[in-house]
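Keeping the supplied structure of chain A fixed, place chains B and C upon it in accordance with the hints.
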Amino acid sequence: MAADVSGQRLSRGRAIGWYVVLTALSLIVLTPVYFLLVRAISDPTQAFTSSVLTPRGVRFDGFSQAWERGNLGGALARSLVVTVGITTLQVATSVLAAYAFAFLHFPLKRLLFAVFMATLLLPLEVTLLPNLHTMRDLGWFDSYQGLIIPFAAAAFGTFLVRQGFLGIPSEIRDAARLEGWSHLQFLVRFAVPLTRPVIASFSVISFMGAFNQYLWPRAVITDTDSWGTVQIALRGLTSRIEQSNVPVAGAVIAAVPIVIVLILFQRHIVRGLTAGAVKG
Amino acid sequence: MTFAGVTKRYGDVTAVDDLSIDIADGEFMVLLGPSGCGKSTALRMIAGLESISDGTLRIGDRVVNDVIPAKRDVSLVFQSYALYPHMTVARNIESPLLTRKVPVAERRERLADAARMLGLEPYLERKPGELSGGQRQRVALARAIVSRPSVFLMDEPLSNLDAKLRTQTRAEIVDLHRRLGTTFVYVTHDQVEAMTMADRIAIMSEGRLRQVGTPREVYEAPADLFVAGFIGTPPMNTAPDPNDPTTVIGVRPEHLRVAADGEIAATVHQAEWLGHEALLRVRVDGATADWMVRLPSGFDTPEPGAPVRLHAERVHRFDADTGLRRST
Amino acid sequence: MIAREDARVSDTGRLRETLTALAFILPSLVVFWAFFFYPFEQLVLRGLYRNNSAGTNLRWVGWSQYGDVLGGSEFRDGLWHSVQFVLFTVPAGLLLGTVLAVAANRRLRGIKVFQTIFSSTIATSTAVASVVFLVLINQQIGVYQGGVPGFGEQAILENPSTAMFGVALSAIWQNLGLSFVIVLAGLQAIPQEVDEAATLDGYGPLRRFVRITLPMISPVLLFLVVVLVIFALQAFAPIEFLTSGGPARSTETLVYKIFQRQTPDQMGEGAVLSVGLFGVTFLVTLGQFLLLERRVHYGS
Numbered sequence: 001m002a003a004d005v006s007g008q009r010l011s012r013g014r015a016i017g018w019y020v021v022l023t024a025l026s027l028i029v030l031t032p033v034y035f036l037l038v039r040a041i042s043d044p045t046q047a048f049t050s051s052v053l054t055p056r057g058v059r060f061d062g063f064s065q066a067w068e069r070g071n072l073g074g075a076l077a078r079s080l081v082v083t084v085g086i087t088t089l090q091v092a093t094s095v096l097a098a099y100a101f102a103f104l105h106f107p108l109k110r111l112l113f114a115v116f117m118a119t120l121l122l123p124l125e126v127t128l129l130p131n132l133h134t135m136r137d138l139g140w141f142d143s144y145q146g147l148i149i150p151f152a153a154a155a156f157g158t159f160l161v162r163q164g165f166l167g168i169p170s171e172i173r174d175a176a177r178l179e180g181w182s183h184l185q186f187l188v189r190f191a192v193p194l195t196r197p198v199i200a201s202f203s204v205i206s207f208m209g210a211f212n213q214y215l216w217p218r219a220v221i222t223d224t225d226s227w228g229t230v231q232i233a234l235r236g237l238t239s240r241i242e243q244s245n246v247p248v249a250g251a252v253i254a255a256v257p258i259v260i261v262l263i264l265f266q267r268h269i270v271r272g273l274t275a276g277a278v279k280g
Numbered sequence: 001m002t003f004a005g006v007t008k009r010y011g012d013v014t015a016v017d018d019l020s021i022d023i024a025d026g027e028f029m030v031l032l033g034p035s036g037c038g039k040s041t042a043l044r045m046i047a048g049l050e051s052i053s054d055g056t057l058r059i060g061d062r063v064v065n066d067v068i069p070a071k072r073d074v075s076l077v078f079q080s081y082a083l084y085p086h087m088t089v090a091r092n093i094e095s096p097l098l099t100r101k102v103p104v105a106e107r108r109e110r111l112a113d114a115a116r117m118l119g120l121e122p123y124l125e126r127k128p129g130e131l132s133g134g135q136r137q138r139v140a141l142a143r144a145i146v147s148r149p150s151v152f153l154m155d156e157p158l159s160n161l162d163a164k165l166r167t168q169t170r171a172e173i174v175d176l177h178r179r180l181g182t183t184f185v186y187v188t189h190d191q192v193e194a195m196t197m198a199d200r201i202a203i204m205s206e207g208r209l210r211q212v213g214t215p216r217e218v219y220e221a222p223a224d225l226f227v228a229g230f231i232g233t234p235p236m237n238t239a240p241d242p243n244d245p246t247t248v249i250g251v252r253p254e255h256l257r258v259a260a261d262g263e264i265a266a267t268v269h270q271a272e273w274l275g276h277e278a279l280l281r282v283r284v285d286g287a288t289a290d291w292m293v294r295l296p297s298g299f300d301t302p303e304p305g306a307p308v309r310l311h312a313e314r315v316h317r318f319d320a321d322t323g324l325r326r327s328t
Numbered sequence: 001m002i003a004r005e006d007a008r009v010s011d012t013g014r015l016r017e018t019l020t021a022l023a024f025i026l027p028s029l030v031v032f033w034a035f036f037f038y039p040f041e042q043l044v045l046r047g048l049y050r051n052n053s054a055g056t057n058l059r060w061v062g063w064s065q066y067g068d069v070l071g072g073s074e075f076r077d078g079l080w081h082s083v084q085f086v087l088f089t090v091p092a093g094l095l096l097g098t099v100l101a102v103a104a105n106r107r108l109r110g111i112k113v114f115q116t117i118f119s120s121t122i123a124t125s126t127a128v129a130s131v132v133f134l135v136l137i138n139q140q141i142g143v144y145q146g147g148v149p150g151f152g153e154q155a156i157l158e159n160p161s162t163a164m165f166g167v168a169l170s171a172i173w174q175n176l177g178l179s180f181v182i183v184l185a186g187l188q189a190i191p192q193e194v195d196e197a198a199t200l201d202g203y204g205p206l207r208r209f210v211r212i213t214l215p216m217i218s219p220v221l222l223f224l225v226v227v228l229v230i231f232a233l234q235a236f237a238p239i240e241f242l243t244s245g246g247p248a249r250s251t252e253t254l255v256y257k258i259f260q261r262q263t264p265d266q267m268g269e270g271a272v273l274s275v276g277l278f279g280v281t282f283l284v285t286l287g288q289f290l291l292l293e294r295r296v297h298y299g300s
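Top to bottom, those sequences are chains A, B and C. Our numbering applies: residue 1 is where the first sequence begins, and numbers increase by one. Our numbering applies: residue 1 is where the second sequence begins, and numbers increase by one. Our numbering applies: residue 1 is where the third sequence begins, and numbers increase by one.
Bound conformation, chain A alone (with noise of 0.2 Å):
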């Protein structure tokens, strides 16, 4: 039965204390969501006054009226395209750099993983404007390239798969390299299979990053008709913030993707999230 984390048995008086302070709390962090779903389905017209704490006129055309107005199903496709273009640019490029940086031996590798790992230093936000300079040149504004390239590498991915390689066990990479393999066969059969796990929560992190991106594509994005993504249509549905059921039914339909994707993927994505924080 129940114990707690000193593996002592919990008594059941104890052990329902503790059902009632979690069940609290799972009702605070879940009761905005209830109020979000609320507010999804209630008549915008009579819910406009305070203190709306069930559905009132229930409809549910708010999320029709999202999908149709936000445009949603093209800016969900669009997302959807930015997002894998971004995850699988960003997977490939540092599994080839993170190869490089735990097997090879060139010059320079140190002050070359160094720079690498500077970029974190200059997050997206900082590099805003001369970035947009840069789209403008290009014209880059309202196109996939503009959306996917600048985020095609990634410093965290290279650091992370550079360790899953360099935790492959010594004697199997000299039992490889007996073998004869160049190095080109090595990443492709042992060392991607052999650190998969590695890999995949690093994809599933970036994909739930890419997806979920909003400054950059407010700032590229000129025309959100055809181009917006499902955030940033997010953004054009709260502009008329009165008919409360249709943005508040957006909301829900752009979480839609994620959800699924936590659920799925929850293994992995606490792997990923946790990998710098604690050790082994």
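Calculated directly from the structure, the hints in this document are not laboratory data. For every residue, glycine included, the Cβ atom is placed at its ideal position computed from N, Cα and C. Hints should not be assumed to be uniformly reliable.
To be verified - Just a sample of chain B residues kept apart from chain A, beta carbon distances all over 12 Å, derived:
1. 35
2. 54
3. 55
4. 65
5. 91
6. 96
7. 155
8. 162
9. 163
10. 167
11. 175
12. 182
13. 294
14. 297
Claimed, not checked - Beta-carbon label-pair distances, calculated as ranges:
15. 181/B with 194/C: 31 to 37 Å
16. 34/A with 112/C: 18 to 24 Å
17. 27/A with 33/C: 46 to 52 Å
18. 58/C with 166/A: 43 to 49 Å
Unchecked claim - With a Cα cut of at most 25 Å, we get these calculated DMTMM-like pairs of lysine to aspartate or glutamate:
19. 71/B with 11/C
20. 109/A with 17/C
21. 164/B with 220/B
22. 101/B with 153/C
23. 101/B with 121/B
24. 71/B with 171/A
25. 101/B with 41/C
26. 109/A with 11/C
27. 127/B with 162/B
28. 109/A with 41/C
29. 71/B with 61/B
30. 127/B with 113/B
31. 101/B with 130/B
32. 127/B with 109/B
33. 164/B with 199/B
34. 164/B with 272/B
35. 127/B with 171/A
36. 71/B with 106/B
37. 101/B with 171/A
38. 101/B with 73/B
39. 164/B with 277/B
40. 71/B with 109/B
Frame of chain A, contents of chains B and C only:
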């Protein structure tokens, strides 16, 4: 295979110092020594996994110092087996053939041969994670034999098995050697493995070769005090010669007999009864450690503290300074 | 044991190995150069030029523009608002994350369900979390349309004194999942014997937490602080969704001010603000790194 003055240095540390051994074709050579003695480094130099700082290494009549591992025609069984966990047993075994452009038909045949020889046929489609320790060990052996190398290298291959399986696998490896007839170089720190399996044993300590010889030679005529103290369970008893300070005498426990007229005076410290025999732990004047006396079973073990006299049937003599064996 | 030679996995010649390495890191390097280092260089240089209102006619002014902008009220206000955001979100995230993690770190039947609930806000984007808080505290559609007690009648987001707090609420909620997951990982990494030993020594639960658990998870908490501070300094969506920088520009953080300076005539100023943001981020990261180093040395 010939080591000629082979040396391995890591910065200031010398891991293998001026090693010279000839290993005959088809011989089962065991490199034996305590951990850190350089035996594994020597093995890895044969495989090409470590570069050679000095000296030359020949395999057949070819100097292989600068030959890459894959072209040395050797295979290595690792201590941890180093199986590829993401591949099936079959893929593991045939992996060495994939880089060697062996035709598909021949590859299948060799895989089947290796699997049959080691009784792995039922497990070919499993992953290493689903196998027992002993089965994994066989997969490692199968992967080593499939490329038909001219030299087999084994790095403490039995150390991850339990005692019973170890004895059994020992016999199987000896069998394998007999059937294949190729050169085996086998690294271990376990003298029982060395004594039971080897044609010849090379005993190393602190990067240096102490003695090469058949199991019988190293047991009966240890080249120096290190070998004398390393081989044999319990090892050889030693003490300064009371009549000659430049000499250290050594006596194997089974060459000591309790006798009223014995020439060595000792005091009983402890008696260990093992069933088929008893070991008597005695204190001898001048010796730094207790001497062990092997008594046949049925012999009445004296009480601790009792004085005994011992007779040595066979005495080895070593130089007190160099530790080397005196030839007389 | 003596260190093994190196992590070699294949025996290609030196030159080929270098070329392979170059080919492998080049894709990343190109991206990093084009979208990280080159723009940073542009930022620093751009700050050295003043422009007229049309954004043309650039004039070299040396470091004087840096002095003007970084000493001016825009940067000061933006920095202050960013710092406010940090002060609202980071301690709260730390505290709530720890409370949730401690509560959920025990062997009870069904604990996985609670753990999933506590980590659920990971699934929200900043935009979605912002809409959630529109529903909660917006003056028009909010469940709660009043103000913060003691700060007047005005709705939270309409009152310049409380708007930043309201914006921060959405970030606090959105960060709950991440904070929980990170602290929980820290708690789970504590060897069970340590806790058992403390129990045997007669420590009560509270003393056990303060004397044993807290010190042992302090590196993890520090990591969480780093993450939360950086998130806070980069926050943008909640501000745009909830207040658009208002009321009375009271929620214009540094990032928000930078975002507003996309037009050519404001580029110079925007560039200096960006360098300022970089400086702040850099100092915070450096400070936390040094703190971490010191802690590690104490530990050993």
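Going down the list of hints, with the structure as the test:
no.: 1; hint: 35; in the structure: holds (16 Å)
no.: 2; hint: 54; in the structure: holds (22 Å)
no.: 3; hint: 55; in the structure: holds (22 Å)
no.: 4; hint: 65; in the structure: holds (17 Å)
no.: 5; hint: 91; in the structure: violated (10 Å)
no.: 6; hint: 96; in the structure: violated (5 Å)
no.: 7; hint: 155; in the structure: violated (9 Å)
no.: 8; hint: 162; in the structure: holds (21 Å)
no.: 9; hint: 163; in the structure: holds (23 Å)
no.: 10; hint: 167; in the structure: holds (24 Å)
no.: 11; hint: 175; in the structure: holds (24 Å)
no.: 12; hint: 182; in the structure: holds (16 Å)
no.: 13; hint: 294; in the structure: holds (40 Å)
no.: 14; hint: 297; in the structure: holds (44 Å)
no.: 15; hint: 181/B with 194/C: 31 to 37 Å; in the structure: violated (57 Å)
no.: 16; hint: 34/A with 112/C: 18 to 24 Å; in the structure: holds (21 Å)
no.: 17; hint: 27/A with 33/C: 46 to 52 Å; in the structure: holds (50 Å)
no.: 18; hint: 58/C with 166/A: 43 to 49 Å; in the structure: holds (48 Å)
no.: 19; hint: 71/B with 11/C; in the structure: holds (10 Å)
no.: 20; hint: 109/A with 17/C; in the structure: holds (12 Å)
no.: 21; hint: 164/B with 220/B; in the structure: violated (28 Å)
no.: 22; hint: 101/B with 153/C; in the structure: violated (82 Å)
no.: 23; hint: 101/B with 121/B; in the structure: holds (24 Å)
no.: 24; hint: 71/B with 171/A; in the structure: holds (18 Å)
no.: 25; hint: 101/B with 41/C; in the structure: violated (52 Å)
no.: 26; hint: 109/A with 11/C; in the structure: holds (18 Å)
no.: 27; hint: 127/B with 162/B; in the structure: holds (22 Å)
no.: 28; hint: 109/A with 41/C; in the structure: holds (23 Å)
no.: 29; hint: 71/B with 61/B; in the structure: holds (14 Å)
no.: 30; hint: 127/B with 113/B; in the structure: holds (19 Å)
no.: 31; hint: 101/B with 130/B; in the structure: violated (29 Å)
no.: 32; hint: 127/B with 109/B; in the structure: holds (21 Å)
no.: 33; hint: 164/B with 199/B; in the structure: holds (23 Å)
no.: 34; hint: 164/B with 272/B; in the structure: holds (24 Å)
no.: 35; hint: 127/B with 171/A; in the structure: holds (18 Å)
no.: 36; hint: 71/B with 106/B; in the structure: holds (20 Å)
no.: 37; hint: 101/B with 171/A; in the structure: holds (24 Å)
no.: 38; hint: 101/B with 73/B; in the structure: holds (14 Å)
no.: 39; hint: 164/B with 277/B; in the structure: holds (22 Å)
no.: 40; hint: 71/B with 109/B; in the structure: holds (22 Å)
Hint compliance for this structure: hints 5, 6, 7, 15, 21, 22, 25, 31 are not met, and every other hint is.
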